[in-house]
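Student: Turn these sequences into a full structure, and let the hints steer you where they fit.
Numbers 18 to 637, taken from the numbering used here, label the letters of the sequence shown in order.
FYI, nobody ran anything at the bench for these hints, they're computed from the structure. The beta-carbon is built from N, C-alpha and C at its ideal position, and this holds for glycine as well. Treat the hints loosely; a few may be bogus.
To be verified - Subject to a maximum C-alpha distance of 25 angstroms in a straight line, what follows is the list of computed BS3-like cross-link-like pairs (lysine-lysine):
#1 Lys100 - Lys89
#2 Lys89 - Lys27
#3 Lys375 - Lys310
#4 Lys601 - Lys620
#5 Lys620 - Lys576
#6 Lys80 - Lys506
#7 Lys89 - Lys375
#8 Lys287 - Lys354
#9 Lys281 - Lys26
#10 Lys620 - Lys605
#11 Lys352 - Lys287
#12 Lys605 - Lys576
#13 Lys89 - Lys117
#14 Lys576 - Lys506
#15 Lys506 - Lys89
#16 Lys115 - Lys89
#17 Lys354 - Lys310
#18 Lys100 - Lys375
#19 Lys281 - Lys27
#20 Lys117 - Lys80
#21 Lys27 - Lys51
#22 Lys100 - Lys115
#23 Lys352 - Lys310
Claimed, not checked - Restraint-style ranges between C-beta atoms, simulated for each label pair:
#24 Ser262 - Gln305: 38 to 48 angstroms
#25 Asn554 - Val437: 33 to 43 angstroms
#26 Glu74 - Pro416: 29 to 39 angstroms
#27 Arg75 - Gly496: 45 to 55 angstroms
#28 Ala631 - Thr83: 30 to 40 angstroms
#29 Trp371 - Ala82: 31 to 41 angstroms
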Amino acid sequence: MLRALYPFKKTHPTSLSFTQGDLFVELPGAANDKNWFYVMDGNAGAGYIPRNYVFLERIAFDKLATHIDGLKDRVRLSGAVEKEKAELIAKLEAVCSKYKSDRSASITQRIPVPDTSPPIIASPRSVSPKSTHSSDRSATPPKSGKKRAAPQPPHQAVNLLQNSEGGVSESPDGGNSQSSSRRSSEERRGSSEKLLQHRRASIVDPNDEQIRSYAREIVELVRVETGLSHTNSQSVVQTVLQYVSTNFQRLDRNVPALLAELDKPVLNDKEDIVASADTRAIESLFEQLTQAKDDEQQRNWMLFEDEATIRNLLQNLSESLSNSDRRVSTYVMSKFKYFYILNLVEYFQMETRWALRKPLIENFMIMCSLDPVIISLMLSSVLPLELAQELFQYTENVPRLRHCALLLTIIFSRGEPMPVHYFSQLGSSFVTFLLDYIEAPPTPDSEHEIPDVFIGLALSYNLQFPDIQTNVMVSCLSGRSGAKTWTEKVLLLLNREEDPTAIVGRDTGSRDLPHSVHKIIMDMFLHDSCHQLFYTNDIYVLIDIIVRQLSDLCPEEPKRRMYLSMSHIVLTRSEYSDHLHRFKDLEKCFIRILDEEEVTNDKNIVLTICREVAAFNSLL
Numbered sequence: 018m019l020r021a022l023y024p025f026k027k028t029h030p031t032s033l034s035f036t037q038g039d040l041f042v043e044l045p046g047a048a049n050d051k052n053w054f055y056v057m058d059g060n061a062g063a064g065y066i067p068r069n070y071v072f073l074e075r076i077a078f079d080k081l082a083t084h085i086d087g088l089k090d091r092v093r094l095s096g097a098v099e100k101e102k103a104e105l106i107a108k109l110e111a112v113c114s115k116y117k118s119d120r121s122a123s124i125t126q127r128i129p130v131p132d133t134s135p136p137i138i139a140s141p142r143s144v145s146p147k148s149t150h151s152s153d154r155s156a157t158p159p160k161s162g163k164k165r166a167a168p169q170p171p172h173q174a175v176n177l178l179q180n181s182e183g184g185v186s187e188s189p190d191g192g193n194s195q196s197s198s199r200r201s202s203e204e205r206r207g208s209s210e211k212l213l214q215h216r217r218a219s220i221v222d223p224n225d226e227q228i229r230s231y232a233r234e235i236v237e238l239v240r241v242e243t244g245l246s247h248t249n250s251q252s253v254v255q256t257v258l259q260y261v262s263t264n265f266q267r268l269d270r271n272v273p274a275l276l277a278e279l280d281k282p283v284l285n286d287k288e289d290i291v292a293s294a295d296t297r298a299i300e301s302l303f304e305q306l307t308q309a310k311d312d313e314q315q316r317n318w319m320l321f322e323d324e325a326t327i328r329n330l331l332q333n334l335s336e337s338l339s340n341s342d343r344r345v346s347t348y349v350m351s352k353f354k355y356f357y358i359l360n361l362v363e364y365f366q367m368e369t370r371w372a373l374r375k376p377l378i379e380n381f382m383i384m385c386s387l388d389p390v391i392i393s394l395m396l397s398s399v400l401p402l403e404l405a406q407e408l409f410q411y412t413e414n415v416p417r418l419r420h421c422a423l424l425l426t427i428i429f430s431r432g433e434p435m436p437v438h439y440f441s442q443l444g445s446s447f448v449t450f451l452l453d454y455i456e457a458p459p460t461p462d463s464e465h466e467i468p469d470v471f472i473g474l475a476l477s478y479n480l481q482f483p484d485i486q487t488n489v490m491v492s493c494l495s496g497r498s499g500a501k502t503w504t505e506k507v508l509l510l511l512n513r514e515e516d517p518t519a520i521v522g523r524d525t526g527s528r529d530l531p532h533s534v535h536k537i538i539m540d541m542f543l544h545d546s547c548h549q550l551f552y553t554n555d556i557y558v559l560i561d562i563i564v565r566q567l568s569d570l571c572p573e574e575p576k577r578r579m580y581l582s583m584s585h586i587v588l589t590r591s592e593y594s595d596h597l598h599r600f601k602d603l604e605k606c607f608i609r610i611l612d613e614e615e616v617t618n619d620k621n622i623v624l625t626i627c628r629e630v631a632a633f634n635s636l637l
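Tutor: Below you can see the structure in the form of structure tokens.
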């Protein structure tokens, strides 16, 4: 594996930021580059890192395999499209296979820094146009026509090219082009220089509004001509202007002003957004999809084959929403009180072909990630019922189950209560279906992936119940004689500090939404009988996790209070005095908290534990 020597901040959308000590797995499939590694970081993000910022570290195969298994889990739970997930998982499995076949790995060694010192402004200026077409999440590494020079590591000597004032400038080919470009007479050259000086003197500096307009127009021009995303287009323009401004000192002073403008979003005002080419393109796609949905004659009689046309429209829509500036996407989606979004939800209900339902679901996921208001709209629409029906009906279709379950997870992820009349279809029968599937998948193909996806869906579903007495999720769990797979997977998520419901982030405004894994554990132990689903070994593992967190977390971290509350409910409900697992470690943590100077809620929770758990009475 690769370990970071220094922290690094990404210089291009295809590169990765990291801190000192981070670990990476080098991925196969990228063209050899003397300055960059194509890797996956600990968060399952794929991208480039500079070679001279990392060193090779030899590790045991079991550690590597465990690390890669964790990465594959993160990839499966990510919001990437299925093709990208499959490519990333295949690359990780190829790494494992290569490691198995060659166990004689070389000893830990540092990667030598290239002899030639890289330029000061390195990676951004030399990225080829081909490489910038790749998406940030793409599993396929960008192919570059040129090699990008790696940035210098901290405190490393850099050879600066000194430009002597008044020196003779050479052409890029070493001066050989002088004979073809030199004027035939000194008089002609002198007159040209005088004309140039006169034109420079006559130029009027643009004002701030004009500078902002120019910056926006340049980004729009690059976007239209190259097909790059809005963010990548702005990055390309910045890169070019930085290069020009740094290497050609006699350029007009307005170039730095343009650079300063490009450091900020170029689409600020509503007028700018309305005039954007992306706005017109996205609105046109929505209009065409509306026409397809409202074509009643085609819907009833199928006069012509329209599947390929509609699928192409949906593919273009997902690309446009993803690549455009977020302000543009949210502006178009929110027009006419989100008419376009509700219209597509209606179309999903009408459309029975999975070849079209699948891209619709993928578009819905993108929309939810761009505007949280859409999540609330979908929760109160017919969409949750339609998705649940897909789960009930296609229990052996893994891709279909995965897509529908992930979108349902997103829809429930804000913790908003669903309409009351939905409980007839999304109540106890729905929860029982999920739990049965988790414990006993019907097919071997679904036993590895779908239970993990359904765990996330069940945890997301549970967020809407603040009161344990009306919690349908916990009520269904309490009625089961066992839930071995459920408890194991929940504890695994807790140990990794992962929240599978946060697929697109959870913007909940003023509400402080709890971590879904923390909440389900607290809910299960608050219930009179549900906590009995945890075996004794599960309780030991849970206490181990709590001890580790209480030992590592600082007093000012809110997460410590949550783990103290969890320790309180676990110790009082699990008959702790019968086994006293990790008693000394817990006692040490409690003493440290009680010895803190300030009187805090954390200290009050510890005092409550000491009063209610006989084993800790001596600390009072």
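Student: Please go over all the hints and tell whether each is borne out by the structure.
Tutor: Structure-based check of each hint:
1. Lys100 - Lys89: 14 angstroms, holds
2. Lys89 - Lys27: 23 angstroms, holds
3. Lys375 - Lys310: 16 angstroms, holds
4. Lys601 - Lys620: This hinted pair holds, its Cα atoms lying about 18 angstroms apart.
5. Lys620 - Lys576: 14 angstroms, holds
6. Lys80 - Lys506: OK: Lys80 and Lys506 at ~20 angstroms, within 25 angstroms.
7. Lys89 - Lys375: This hinted pair holds, its Cα atoms lying about 23 angstroms apart.
8. Lys287 - Lys354: 17 angstroms, holds
9. Lys281 - Lys26: It holds: about 18 angstroms lies between the C-alpha atoms, which stays within 25 angstroms.
10. Lys620 - Lys605: Holds - the C-alpha atoms of Lys605 and Lys620 are around 14 angstroms apart, at most 25 angstroms.
11. Lys352 - Lys287: Status holds; Cα separation ~13 angstroms.
12. Lys605 - Lys576: The hint holds at about 19 angstroms.
13. Lys89 - Lys117: 18 angstroms, holds
14. Lys576 - Lys506: Holds. Lys576 to Lys506 sits at ~21 angstroms (cutoff 25 angstroms).
15. Lys506 - Lys89: 15 angstroms, holds
16. Lys115 - Lys89: Satisfied, since the Cα-Cα distance of roughly 17 angstroms is no more than 25 angstroms.
17. Lys354 - Lys310: Holds - the C-alpha atoms of Lys310 and Lys354 are around 19 angstroms apart, at most 25 angstroms.
18. Lys100 - Lys375: Holds, because 13 angstroms separates the two Cα atoms, which is no more than 25 angstroms.
19. Lys281 - Lys27: 17 angstroms, holds
20. Lys117 - Lys80: 13 angstroms, holds
21. Lys27 - Lys51: 18 angstroms, holds
22. Lys100 - Lys115: 23 angstroms, holds
23. Lys352 - Lys310: 18 angstroms, holds
24. Ser262 - Gln305: 38 to 48 angstroms: 42 angstroms, holds
25. Asn554 - Val437: 33 to 43 angstroms: 40 angstroms, holds
26. Glu74 - Pro416: 29 to 39 angstroms: With Cβ atoms ~37 angstroms apart, the hint holds.
27. Arg75 - Gly496: 45 to 55 angstroms: 51 angstroms, holds
28. Ala631 - Thr83: 30 to 40 angstroms: 39 angstroms, holds
29. Trp371 - Ala82: 31 to 41 angstroms: The hint (31 to 41 angstroms, Cβ to Cβ) holds, given that Trp371 and Ala82 are roughly 35 angstroms apart.
Taken one by one, the earlier hints all hold for this structure without exception.
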